[in-house]
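Protein chains in written order, with this note's numbering: chain U, 1 to 209; chain V, 1 to 85; chain W, 1 to 398.
Keep in mind the hints are simulated off the structure, nothing from the lab. Be aware that a few hints might be false.
[Said to hold, decoys possible] Capping the alpha-carbon separation at 25 Å, the derived lysine to aspartate or glutamate pairs in DMTMM-like fashion look like this:
(1) K85(V) with D106(U)
(2) K58(V) with D203(W)
(3) K148(W) with D144(U)
(4) K115(W) with E173(U)
(5) K205(W) with D64(V)
(6) K148(W) with D141(U)
(7) K215(W) with E14(V)
As the structure is a prediction and not an experimental result, all values here were calculated from the model.
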Amino acid sequence: MTKAPSITSYTALRNNKIVSDGLVVCKKSEVSASDFLLHAYEALELNYPKFYKMDHLSKAGFLAAEVLLREKGWSEKYRPEEIGIVFSCANSSLDTDLRYAETVADIPSPALFVYTLPNILIGEITIRNRVKGESACFVFDTFDASFQTGYINTLFGSGRVKACISGWADFYEDKAEAFFYLAELIDNKTNPIHDSNNTSKIYSELWKN
Amino acid sequence: MEELIATLKKQIVEQLNLQHIKPEDIGDDQPLFVEGLGLDSIDALELIVLLQQHYGIKLANPSDGPAIFHSVRTFAEYILAHRTK
Amino acid sequence: MQVFVAGKGVITAIGNNVAENLQSFYEGRSGISDITILRTNYAGKLPAGEIKFSNAALAAMAGLEGTVSRTGLFSMIAAREALQDAQIPEPGKWRIGFLSANTVGGMDITENIFKAFHEDHTKADLSEVEQHDTGAITDIVAAQLGIKDFVTTISTACSSSANSIMLGARLIKNNLLDIALAGGTDALSRFTLNGFNSLMILDDKPCTPYNETRKGLNLGEGAGYIVLVSERVAKTLPKKVMASLSGYANANDAFHQTASSPEGKGNYLAMTGALAMTGLRHEAIGYINVHGTGTNNNDLSESIAMERIFGIAPPKFSSTKTFTGHTLGACGGVEAVYSLLAMEHQIIPPHLRWTAQMKEVPFKPVTELMTGVEINHAMSNSFGFGGNCSSLIFSKVN
Chain U
1 MTKAPSITSY TALRNNKIVS DGLVVCKKSE VSASDFLLHA YEALELNYPK
51 FYKMDHLSKA GFLAAEVLLR EKGWSEKYRP EEIGIVFSCA NSSLDTDLRY
101 AETVADIPSP ALFVYTLPNI LIGEITIRNR VKGESACFVF DTFDASFQTG
151 YINTLFGSGR VKACISGWAD FYEDKAEAFF YLAELIDNKT NPIHDSNNTS
201 KIYSELWKN
Chain V
1 MEELIATLKK QIVEQLNLQH IKPEDIGDDQ PLFVEGLGLD SIDALELIVL
51 LQQHYGIKLA NPSDGPAIFH SVRTFAEYIL AHRTK
Chain W
1 MQVFVAGKGV ITAIGNNVAE NLQSFYEGRS GISDITILRT NYAGKLPAGE
51 IKFSNAALAA MAGLEGTVSR TGLFSMIAAR EALQDAQIPE PGKWRIGFLS
101 ANTVGGMDIT ENIFKAFHED HTKADLSEVE QHDTGAITDI VAAQLGIKDF
151 VTTISTACSS SANSIMLGAR LIKNNLLDIA LAGGTDALSR FTLNGFNSLM
201 ILDDKPCTPY NETRKGLNLG EGAGYIVLVS ERVAKTLPKK VMASLSGYAN
251 ANDAFHQTAS SPEGKGNYLA MTGALAMTGL RHEAIGYINV HGTGTNNNDL
301 SESIAMERIF GIAPPKFSST KTFTGHTLGA CGGVEAVYSL LAMEHQIIPP
351 HLRWTAQMKE VPFKPVTELM TGVEINHAMS NSFGFGGNCS SLIFSKVN
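When you get a sec, could you build the whole thing from the sequences and use the hints?
Dropping the structure here:
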């Protein structure tokens, strides 16, 4: 049997709720999105104090990636450079850009400035999970399953990666969103093939909630 | 001095988003970086901002940071010697 | 399947086009100077590789009307030069993509109205903020150039435009495009100047990368693009194709949000990945245009990674940021153009202001212009915040 890129796991963070592989892992209504991110960090007992220093976009993406990747033993299956990460967003680092711009009038904040790039989120996830393969970050109005699956399958085809964290994360005006899934090159029997149809099906299913 | 040390601990926790640490849990002589509180280079830059914002001290050379920010006590001593506000 | 380079275009503080940039290398003329165009309190205090033309003069050069961000103006000027240089006989016949990188978007315009807007929300003309996001800049230029088949923007900090060149090559190899106009652009802004200053990594004198005594980087601005074409397109060109993009790789350093790992793990993976793709031995590389920003951290990590790959006698290398400053999202495109120029004109652009040997490595950059140097393969490094590391390798086509 030949190996095919397949979707092996997925997680979504939206409307103050985190869902992973169909199960609700964390939920808290009636708080702001930024407070929910803090709540989820504590509820998931992540013990990673650097989390507090991240900007909202990184917090949202980081939490989704944590839930996606924890306890799967996947990182033992691959060398760090065999794992890639491809992510996209709509509002880039705008939330942080504004907060940083507020500080420029007084004393510019270095800790805010470092988060004025959306790909810092990739940095946070790779540092935490020791991922050293190819990474990319795109900006789209909405999650584009066709582009993202095509791009990642090209990476698989080039032999550059054997597994890829793929995702969407966005934070603006106190609205947090993240959708992350793991695509792996495996002898597939049961998992959905990593293509545009399956990815958008999973995504729209999660976004119904 | 004691009062400044207590204030400084609160300001450090707030400036650096150390939400997992209570100010009173930071030892006066505990190293702040790497093996102590685990602060990094960006935190050092934020402490330079703290110096300027609250005490009117402008640090021109970031390489002076490690000695000044070694512990809350060395930090406080530096402020007492150099503060303009 | 090979991907060929058919054209190139560039604008930086050392020239408005490829010929002027090349001439500056011959003359050893640096573009680092006091800031006079950007309105900032740091004028006269922090030097930069600023392009000494007003927006009005640039707009005239670019042939664009109305208020356009400097980021867009640079992009238009350099992208158009690259396309014209390629002399593609019937461009309408092919699928053409525009892949442009930038990190600041229309920030220069936004911050000019930000203060007024902040004080009174009814006072500012918000139509200009439409150019704020990075993608808008790309769209303006794509529309002006009439490119519609594929248009995208990449923003991965300082490796952005190296990554847009990589993506362009892949789209051609996968038969999704025939021609890719790829590179990037960035303009100086108070946003980035203050930000880098808050990180305390700006030198208040012209920067001195790879010196033991280096104190940081100078920011710069500009744009650089190359035209990548498939074999089929290459055959139709009226002039001989000089180079191919033979190798590229991107890796993540996974160490810190903004700092490189001390051993330059990501740098190492990017350079070895690109080499592996070419199938060349490391001795084949004749020139490396290093990332060489002038920060303590970058130059140390990059040189340690180079030593690990190339040994104690690496290929001839220089940092052209000593001429242009660090053009951020544009530097991968700008320096791809310089690597191609080095090969084509058999020169090593000099690394200016080098005086003090780094103590961690035994080698040093090429400090005087070298001519008559046969370079068959040139490498260009671009490493960015977020741990994003990319290397490109260009090879001479005989």
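Checked hints:
1. K85(V) with D106(U): 16 Å, holds
2. K58(V) with D203(W): Distance of about 17 Å is within 25 Å: holds.
3. K148(W) with D144(U): 18 Å, holds
4. K115(W) with E173(U): Within the cut-off at roughly 20 Å; holds.
5. K205(W) with D64(V): 20 Å, holds
6. K148(W) with D141(U): OK: K148(W) and D141(U) at ~18 Å, within 25 Å.
7. K215(W) with E14(V): 30 Å, violated
Going down the numbered hints, you'll see the structure goes against just number 7.
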